[in-house]
Amino acid sequence: MSNDKTNDGGVPVPTTPVGASSTAPAEYPPASPAGRGMFGNQGTGDVSGYGGLVRQRKPIEEATRPYGSYFDEVRDALEEAYPDFNDAIEKVVVDRGELTLHVRPERIAEVCQVMRDDLSLRFELLSSLSGVDYLGAERRLHVVYQLTSMTYRRIVRLEVAVSAEQPHVPSVTAVYPTADWQERETYDMFGVVFDGHPALTRILMPDDWEGHPQRKDYPLGGVPVEYKGAEIPPPDRRRSYQ
Numbered sequence: 001m002s003n004d005k006t007n008d009g010g011v012p013v014p015t016t017p018v019g020a021s022s023t024a025p026a027e028y029p030p031a032s033p034a035g036r037g038m039f040g041n042q043g044t045g046d047v048s049g050y051g052g053l054v055r056q057r058k059p060i061e062e063a064t065r066p067y068g069s070y071f072d073e074v075r076d077a078l079e080e081a082y083p084d085f086n087d088a089i090e091k092v093v094v095d096r097g098e099l100t101l102h103v104r105p106e107r108i109a110e111v112c113q114v115m116r117d118d119l120s121l122r123f124e125l126l127s128s129l130s131g132v133d134y135l136g137a138e139r140r141l142h143v144v145y146q147l148t149s150m151t152y153r154r155i156v157r158l159e160v161a162v163s164a165e166q167p168h169v170p171s172v173t174a175v176y177p178t179a180d181w182q183e184r185e186t187y188d189m190f191g192v193v194f195d196g197h198p199a200l201t202r203i204l205m206p207d208d209w210e211g212h213p214q215r216k217d218y219p220l221g222g223v224p225v226e227y228k229g230a231e232i233p234p235p236d237r238r239r240s241y242q
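FYI, the numbering for the sequence shown is 1 to 242, going by UniProt numbering.
Incorrect hints may appear among the rest.
Heads up, simulated BS3-like pairs for lysine-lysine below, C-alpha to C-alpha not over 27 Å straight-line [as the list claims (entries may be wrong)]:
hint: 1; residue 1: 91; residue 2: 216
hint: 2; residue 1: 58; residue 2: 216
hint: 3; residue 1: 91; residue 2: 58
DEER-style ranges, computed between Cβ atoms [as the list claims (entries may be wrong)]:
hint: 4; residue 1: 130; residue 2: 64; range: 25 to 33 Å
hint: 5; residue 1: 204; residue 2: 228; range: 26 to 34 Å
hint: 6; residue 1: 210; residue 2: 72; range: 43 to 51 Å
hint: 7; residue 1: 127; residue 2: 72; range: 17 to 25 Å
hint: 8; residue 1: 233; residue 2: 204; range: 17 to 25 Å
hint: 9; residue 1: 70; residue 2: 91; range: 12 to 20 Å
These aren't lab readings, by the way, just hints derived from the structure by calculation. Where a beta carbon is used, it is the ideal one built from N, C-alpha and C, also for glycine.
The whole structure should be built from the sequences, with the hints applied where relevant.
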């Protein structure tokens, strides 16, 4: 039922919605906090919702044995095949049904070699190599290696962490040739330098591009886009809509 007022002749008379603002035509009806940006983000002028968005990271805790599934077998096999296991592996994490071995950066190529070649492990395929930026951490830049054993149908994740000031990690292209373009992409987007890579150049951005776009402190602004004579400003310069 309409809440509009009526005049003496019974004809409805339009009224201004409660909370409407003549300077913000998009605010009909009144905007709620959850309606601004994405995930309820407010106050940045960024309609993507990501500007100023803060997510608390859960501390990574080392798992205790028994891990369950095939995880204990993988650890035992690696520990037997790799004498420097205790020095190379910083922690073992089991979370959400997945096994992650956190490896010292300087040892990653050695660990990958053993993971591929040992008959009890046989992780023949590097199915994915990607970067993560945990802004605020001392070693904020992480490289994640997803290994697959086609022989035993198993999956294990390796992970290394370096600082933004010393972002050097040995390349694993000699062990897994598929790492070639994946390391280039991680270098391009996150600035991780893979020492020993045969041709570490940008793969997504122009060669003269400054910075690494997927780092969390990379400016959000971007490049203005012109479309049919109208210029669309970068996200941080757009007004917020409901």
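Measure nothing beyond the straight line between the CA atoms of residue 58 and residue 216; if it is 27 Å or shorter, mark the hint as holding. 17 Å, holds
Given a hint of 17 to 25 Å, does the C-beta separation of residue 127 and residue 72 actually sit inside it? For residue 72 against residue 127, whose Cβ atoms are near 23 Å apart, the range 17 to 25 Å holds.
Next pair to validate is residue 91 with residue 216; report whether the Cα-Cα distance is within 27 Å. 25 Å, holds
Please check whether residue 70 and residue 91 have a Cβ separation lying inside 12 to 20 Å. Distance hint for residue 70, residue 91 holds at roughly 19 Å.
Starting from the range 26 to 34 Å, see whether the pair residue 204 and residue 228 falls in it by beta-carbon distance. Given range 26 to 34 Å: holds, Cβ gap about 27 Å.
Measuring from beta carbon to beta carbon, are residue 210 and residue 72 in 43 to 51 Å? At 47 Å between Cβs, range holds.
CB-CB spacing for residue 204 and residue 233 relative to the 17 to 25 Å hint: 23 Å, holds
Please check whether residue 130 and residue 64 have a Cβ separation lying inside 25 to 33 Å. For residue 64 against residue 130, whose Cβ atoms are near 28 Å apart, the range 25 to 33 Å holds.
Has the given pair, residue 91 with residue 58, been kept, meaning a C-alpha gap of at most 27 Å? 16 Å, holds
Violated hints for the displayed structure: none, as all numbered hints are satisfied.
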